Amino acid sequence: MKISVIVTLKKDVLDPQGKVIHQALDGMGFNEVNEVRQGKYFEIDTQETNPKKAKDKVEEMCKKLLANLVIENYRIIDVQ
Amino acid sequence: MKSSVITFPGSNCDRDMDVALKKFGFRNKMVWHQEDELPKSDLVVLPGGFSYGDYLRCGSMASKSKIMKSVINFANSGGMVMGICNGFQILVETGLVPGALLRNKYLEFICKNVFVKINNKDNAYFKNIDNTVLKLHIAHNEGNYFCTNDQLKEIEDNAQVAINYCDPSGKIGQLYNPNGSIKNIAGIFNKAKNVLGMMPHPERMIDTSLSGEDGSLFFKNLINNLK
Numbered sequence: 137m138k139i140s141v142i143v144t145l146k147k148d149v150l151d152p153q154g155k156v157i158h159q160a161l162d163g164m165g166f167n168e169v170n171e172v173r174q175g176k177y178f179e180i181d182t183q184e185t186n187p188k189k190a191k192d193k194v195e196e197m198c199k200k201l202l203a204n205l206v207i208e209n210y211r212i213i214d215v216q
Numbered sequence: 092m093k094s095s096v097i098t099f100p101g102s103n104c105d106r107d108m109d110v111a112l113k114k115f116g117f118r119n120k121m122v123w124h125q126e127d128e129l130p131k132s133d134l135v136v137l138p139g140g141f142s143y144g145d146y147l148r149c150g151s152m153a154s155k156s157k158i159m160k161s162v163i164n165f166a167n168s169g170g171m172v173m174g175i176c177n178g179f180q181i182l183v184e185t186g187l188v189p190g191a192l193l194r195n196k197y198l199e200f201i202c203k204n205v206f207v208k209i210n211n212k213d214n215a216y217f218k219n220i221d222n223t224v225l226k227l228h229i230a231h232n233e234g235n236y237f238c239t240n241d242q243l244k245e246i247e248d249n250a251q252v253a254i255n256y257c258d259p260s261g262k263i264g265q266l267y268n269p270n271g272s273i274k275n276i277a278g279i280f281n282k283a284k285n286v287l288g289m290m291p292h293p294e295r296m297i298d299t300s301l302s303g304e305d306g307s308l309f310f311k312n313l314i315n316n317l318k
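If you read the sequences in order, they're chains D and Y.
Note that the numbering used here gives residue 152 to position 16 of the first sequence, counting from 1, and the numbers run on in steps of one.
Note that the numbering used here gives residue 281 to position 190 of the second sequence, counting from 1, and the numbers run on in steps of one.
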């Protein structure tokens, strides 16, 4: 199965990279942008065939390694 | 006094730390990250550098390496564990000290001398040290200390702030905050004060002809406290 995960900085955590990207977009004429937040995307290919079990395992991976829950949130966006 | 410096792939201040520890009387051993057990130690140091190329998050991969189980057990049983720079990042990833280290506020890699004020001397790291302000060196890209409001309250209630960035006279303010850290925090302890994580490098300040001697004060004091 392939599971896709997005890890993003929590709302109240400063994202200087997102800020700079926003400024660059602004300079390029994309003036309608309110905010940019940068995150990480993971594709995990697992031998597990049961979607529920695969999702639970990936959730455990997120908590233990892929995300630092002090500053980041994770979201499993796709299981197939 | 016996010390151990852990070397991870990508550590680059491990040798400097070895030189510093030996200069002030420690019998130091270098320990490879794939070892299972720590040698008998009075102090374990996680050195600076770029362990695992800073992949995923700084310190995250190193915090899961084999030797760290032994280091975590050592810390939890009261052993002295000090993390410098990348070592501090590894410590926050293990959860031994609270918080996280984010990208510097102005997105610059900072490499310069700074002043830090010792906030708490009631511990084996800073007890009996004469100075209140030390001039030390920092070199990092992710040193912006962050924690939640609840964590900050707990850290302050337990006097876990070790050092803060300041001016030469010890004044703490935004002007002297190089990287955006909450409350100018440059180093923190765990609750029991046997674990210390800090961004500045005392091992780079042990020689007058190269830099300064404030790191010497730190190491001399440290070994005397451990004796």
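Take these hints with a grain of salt, some might be off.
What the hints assert, rightly or not - For lysine to aspartate or glutamate, the following EDC-like pairs were computed, each having C-alpha atoms within a straight-line distance of at most 20 Å:
{"hint": "1", "chain 1": "Y", "residue 1": "K274", "chain 2": "D", "residue 2": "D148"}
{"hint": "2", "chain 1": "D", "residue 1": "K200", "chain 2": "Y", "residue 2": "D298"}
{"hint": "3", "chain 1": "Y", "residue 1": "K244", "chain 2": "D", "residue 2": "D148"}
{"hint": "4", "chain 1": "Y", "residue 1": "K196", "chain 2": "D", "residue 2": "E168"}
As the list claims (entries may be wrong) - Here chain Y is said to cover these stretches of chain D; the calculated rule only asks that three of the stretch's residues, wherever they fall, bring their Cβ under 8 Å from a Cβ of chain Y:
{"hint": "5", "region": "161-173"}
{"hint": "6", "region": "183-191"}
To be clear, the hints were calculated from the coordinates, so they are not data collected in a lab.
Quick caveat: nothing in here was measured; it's all calculated off a predicted structure.
Don't be surprised by glycine CBs; every beta carbon is placed ideally from N, CA and C.
So, going through the hints one by one against the coordinates:
1. Y:K274 with D:D148: holds (16 Å)
2. D:K200 with Y:D298: Given that 20 Å is the threshold and the Cα spacing comes to 41 Å, the pair is violated.
3. Y:K244 with D:D148: The hint holds at about 17 Å.
4. Y:K196 with D:E168: violated (25 Å)
5. 161-173: Coverage by chain Y is violated for the region 161-173 of chain D (0 residues, Cβ < 8 Å).
6. 183-191: violated (count 0)
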